[in-house]
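Got chain A; can you put chain B on it based on the hints?
Protein chains in written order, with numbering that gives the first Met the number 0: chain A, 0 to 347; chain B, 0 to 492.
Calculated from the structure, these hints are not laboratory results.
You may find that some hints are simply not true.
[As the list claims (entries may be wrong)] Taking lysine to any residue and the SDA-like style, the derived pairs with C-alpha atoms no more than 25 Å apart in a straight line are:
| # | chain 1 | residue 1 | chain 2 | residue 2 |
| --- | --- | --- | --- | --- |
| 1 | B | 219 | A | 187 |
| 2 | B | 228 | A | 169 |
| 3 | B | 164 | A | 219 |
| 4 | B | 219 | A | 293 |
| 5 | A | 28 | B | 195 |
| 6 | A | 28 | A | 251 |
| 7 | B | 228 | A | 166 |
| 8 | B | 164 | A | 169 |
| 9 | B | 164 | A | 59 |
| 10 | B | 228 | A | 195 |
| 11 | B | 164 | A | 53 |
| 12 | B | 228 | A | 171 |
| 13 | B | 164 | A | 197 |
| 14 | B | 219 | A | 169 |
| 15 | A | 168 | B | 250 |
| 16 | B | 219 | A | 298 |
| 17 | B | 164 | A | 174 |
| 18 | B | 228 | A | 213 |
| 19 | A | 168 | A | 109 |
| 20 | B | 219 | A | 317 |
| 21 | B | 219 | A | 294 |
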Amino acid sequence: MDLTAELCDRIRAAQAQHQPLELRGGGSKRFYGRPATGHPLELGGHRGILSYQPTELVVRARAGTPLAELEAALAERGQMLPFEPPYFGGEPTIGGAIASGLAGPRRPWGGAPRDLLLGVRILDGRGQVLGFGGQVMKNVAGYDLSRLMAGAMGTLGILLEVSVKVLPKPPGETTLALTTDPRQALALMGTLQRQPLSLSGLCFAEGRLHVRASDTSLEQLRAVLGPAATEEDPDFWRRLRDQTLDFFTRTDTLWRASVPAATAPLAADGDEILDWGGAQRWLRGVGSRENLRQTVQAVGGHAMMFRGPDRDQALHPLAPALAGLHQRIKAVFDPERILNPGRLYPDL
Amino acid sequence: MSPPSPSGTSQRERLAQEFAKLLPAEAVLYREEALRPYECDGLSAYREMPLLVLLPTEVSEVQAVLRHCQGQGIPVVARGAGTGLSGGALPHSDGILLSLTRFNRILDIDPLNRTARVQPGVRNLAISEAARPHGLYYAPDPSSQIACSIGGNVAENAGGVHCLKYGLTVHNLLEVTFLTIEGERVTVGSGGLDAPGFDLLALMTGSEGMLGVVVEVLVKLLPIPQVAKVVLAAFDSVEQAGDAVAAIIAAGIIPAGLEMMDHLAIRAAEDFAHAGYPVDAAAILLCEVDGNPAEALQQLEQVETLLAQSGANAIRVARDEAERLRFWAGRKSAFPAVGRISPDYYCMDGTIPRQHLSQVLGRIAELSREYGLRCANVFHAGDGNLHPLILYDANRPGELAKAEAFGGRILELCVAVGGTITGEHGVGHEKINQMCVQFTPAELETFHAVKAAFDPQGLLNPGKAIPTLARCAEFGAMHVHQGQLRFPELERF
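Only chain A is shown next, with the shape it has when bound in the complex:
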């Protein structure tokens, strides 16, 4: 269903009335970032796969297309979205998956939405339909404004269409797991990542190191992990991705830190999951947000409050010069600040 014309009208009307809009796809990530304000604008009706030719490794779809529908179409042809987008138990759209920029356990090897996004058509805050990027793998014509949309949470434009690179599913993957402690797990993850293995998951959670790799890498993998490593249910990765492991069902505030992979554990054992080979940390029992932010900033990372109360300062604060650029870029795309205002930072 093509709702471009209706959405254009809605945006123009909202712009004329300075009416802020809350952009809603599947609603699976409403907990994320700063709270949404504004009049709800439902985008899930603008849906449908527009073109998919497996040998071109590209799928183009309207942004409201349910992720489950899109992934099923790819799976039928033995392909996948390499960034393993989370569902969080809801019914996300491909547009929301791109706009949030969130990626699952495969991210260090498969990339994030921004890595796979080849092109977009957007509706900006003036009601203009604009296209950036395209449907080809390599494209450096003009500034890369399509990747700029990935992770912007709709604050720069409503995604109408996305063209995303897809990849063949690996022919066979196995998950091995090993009981260990966080420091030893980090050392093993480091060793594995310095070898040319076909890895697709490296996570220490709840006392166990989990490793997912192509079957062709299994022998080398066992050589590093030793005989104590046993085969594990691959459903672990889905539960990690969708945050249904026991760790995630606790009720205290959940923090996410993005750091250089070899960064020492940030929290007590049991209060930290080390995913992405160490580059993504899920943390509980964080005492002071300032202390955490200082610690991760000192190693070149950043931290966000992922689930919990006090969402106003969810994202890591930006340096002043960077914040200024953000405001000026927001003004280019959405001068009246009607698109998801304040969803990332108060002044965007």
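Relative to chain A, chain B alone:
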């Protein structure tokens, strides 16, 4: 009306004195013979003399230079190694050329985090050389990797023959520090795999020096593959070679490299590099698989079968590393090889959906006859990036103009089939008119507004990459609207 800008020796000397207060005198070049080497980049068809060339060695000097330029309204063109192929570093006649080549230090190799922190003037290949003792390398490998600098790679979002599997520059960066035209230091990206806020790292990558001046880069390093195997296949037609590419991808294989060359390119490369190419073939494919031995050998076997099924009349796996390098040497020397069979050549850089390959090559052959200029084609077949090399002789009156016109037609053809005018070389000075074909006026205006968000006075690399709407009107090009192609002749395909 403003008076015509003064140029020539007196203005040069006065400006040189101004900048000599900010930089050591030897870092300020203003004599004609010193400026001459900087008048063009890798696209030598376009030349312009800058007022001055500056060669700072400290970030604080670059900051001082930028502040001075901002205050005085002096255009700044940043330049790395000058190997770019789109005139992106073509000097501005009223501006300074800011060379970053003295920023050539590798600041840190971090084997535990698998990263390298480097200054912008570090050569692409030097990063891999420094990382090799740790079993790591930097994946993007543009053909010019022996000479090109990482700062230039960031500015152009450089690709290479291995980017189908390992990605472009944008996929292999973690963090970039740049200076704004105000001389302010801004860091985008992070030491982790993402950063809060907008993805300005992606925006900076490929922005052709128009948003800021890159002063430091943190890149990802990857483990060196244990095994790399290359197979060469010869075909009687370009169509068959194209079908073979689709068959390999359809089988679920993403080769590390997948390159195609047509008949003229094969012959030129063979004469030049003696790579052992079959010179009678209409097209050859080079397909490289890599990884751990089990994986690579399994894929190699599959690829050989698929090539045979697609009608390859000869299939050869490189027997050893020496032969593998020879196979690649032919491909990597395709440009200079073509340079030997023609006084000049003009390299295009369109990307197309691969399914249109044989139609596009057929149309290029027709255009070649129409313009009376030969054209050799090399093709990053895996990702659809086509490099037609138009052969011409600049000493023959009108031939450069013909080559440009021919090239422009090829790029418009790429857009018409759903592709783009530039896959990896950038728009620069060269393809600016074709931008009018690929983008609508509203899209071009958005690009200009983004530029203004970084550089309100428009002093960083002015006049490149994004055409003004007035220029588009003059060029007479219209955006190709979906379903309303300007090329009715395409219907015949």
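Worksheet item: residue 228 of chain B and residue 169 of chain A: Cα distance at most 25 Å?
Response: Within the cut-off at roughly 20 Å; holds.
Item to complete: Verify the proposed pairing of residue 164 of chain B with residue 219 of chain A, using a straight-line Cα cut of 25 Å.
Response: It holds: about 22 Å lies between the C-alpha atoms, which stays within 25 Å.
Worksheet item: Is the Cα-Cα distance between residue 228 of chain B and residue 195 of chain A 25 Å or less?
Response: holds (15 Å)
Worksheet item: If you draw a straight line from the CA of residue 168 of chain A to the CA of residue 109 of chain A, is it 25 Å or shorter?
Response: Answer holds: residue 168 of chain A to residue 109 of chain A is near 11 Å, not above 25 Å.
Item to complete: With a cut-off of 25 Å on the C-alpha distance, tell me whether residue 164 of chain B and residue 59 of chain A pass.
Response: Answer holds: residue 164 of chain B to residue 59 of chain A is near 21 Å, not above 25 Å.
Discussion item. So if I understand the rule, the pair passes when the alpha-carbon distance is 25 Å or less; does residue 219 of chain B with residue 293 of chain A pass?
Written reply: Given pair residue 219 of chain B, residue 293 of chain A holds - Cα atoms ~24 Å apart, limit 25 Å.
Worksheet item: residue 219 of chain B and residue 169 of chain A: Cα distance at most 25 Å?
Response: holds (23 Å)
Worksheet entry | Satisfaction of hint between residue 169 of chain A and residue 164 of chain B, Cα-Cα up to 25 Å | holds (14 Å)
Worksheet item: If you draw a straight line from the CA of residue 164 of chain B to the CA of residue 174 of chain A, is it 25 Å or shorter?
Response: holds (23 Å)
Discussion item. With the threshold set at 25 Å, check whether the alpha-carbon distance from residue 28 of chain A to residue 195 of chain B stays at or below it.
Written reply: holds (17 Å)
Practice prompt. Sort out whether residue 251 of chain A lies within 25 Å of residue 28 of chain A, counting only the CA atoms.
Written response: holds (18 Å)
Worksheet item: Does residue 187 of chain A lie within 25 Å of residue 219 of chain B when you go C-alpha to C-alpha?
Response: It holds: about 19 Å lies between the C-alpha atoms, which stays within 25 Å.
In terms of the numbered hints stated before, the structure departs from none.
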